[in-house]
Amino acid sequence: MARNGCAIKQADQRAEELVALIDGIRQAGATTLQSIADAMNARGIPTARGGQWYPTTVRNAERRAA
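Residue numbers for the sequence shown, in our numbering: 86 to 151.
Everything labelled a hint here was simulated from the structure, so no lab data went into it.
Some hints could be false.
Computed beta-carbon distance windows for the label pairs [stated by the list, open to error]:
no. : residue 1 : residue 2 : range
1   : Arg144    : Ala113    : 16 to 26 Å
2   : Asn126    : Arg149    : 13 to 23 Å
3   : Cys91     : Thr116    : 31 to 41 Å
4   : Thr117    : Asn89     : 32 to 42 Å
5   : Thr117    : Ala151    : 17 to 27 Å
6   : Thr116    : Ala151    : 30 to 40 Å
7   : Thr141    : Asp97     : 11 to 21 Å
8   : Gly90     : Thr116    : 28 to 38 Å
9   : Gln119    : Gly90     : 17 to 27 Å
Because the structure is a prediction, the values reported are computed rather than measured.
Yeah, the Cβ is synthetic: ideal placement off N, Cα and C, and Gly gets one too.
Throw the hints in and build the complete structure from the sequences for me.
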């Protein structure tokens, strides 16, 4: 597999793992993208680039895994 293909595969796998975390946060009562982002930040879960979570990054992770 080409180098880029490997990176895409890793990103897809991480997105799937994150969606499992997001689902758990939703089951705990989070109803908005902002509340999910706040929970991810409170748990110390970094984004792919090591940054903070925002509603848009939550949405992008969900879309990537879909």
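Hints, verified against the model:
1. Checked against the hint of 16 to 26 Å, the C-beta distance between Arg144 and Ala113 comes to roughly 19 Å, which is consistent with it.
2. Our hint of 13 to 23 Å for Asn126 and Arg149 holds, since their Cβ atoms are close to 19 Å apart.
3. Checked against the given bound of 31 to 41 Å, the beta carbons of Cys91 and Thr116, roughly 36 Å apart, stay inside it.
4. In this structure the hint that Thr117 and Asn89 lie 32 to 42 Å apart at CB holds, the actual value being about 34 Å.
5. Distance hint check for Thr117 and Ala151: the Cβ-Cβ separation is about 19 Å, which falls inside the suggested range of 17 to 27 Å.
6. A hinted range of 30 to 40 Å is violated for the C-beta pair Thr116 and Ala151, which are about 19 Å apart.
7. Evaluation of the 11 to 21 Å hint for Thr141 and Asp97 yields a pass: the beta carbon distance comes to about 19 Å.
8. In this structure the supplied range 28 to 38 Å holds for Gly90 paired with Thr116, their Cβ-Cβ distance being about 37 Å.
9. Evaluation of the 17 to 27 Å hint for Gln119 and Gly90 yields a failure: the beta carbon distance comes to about 34 Å.
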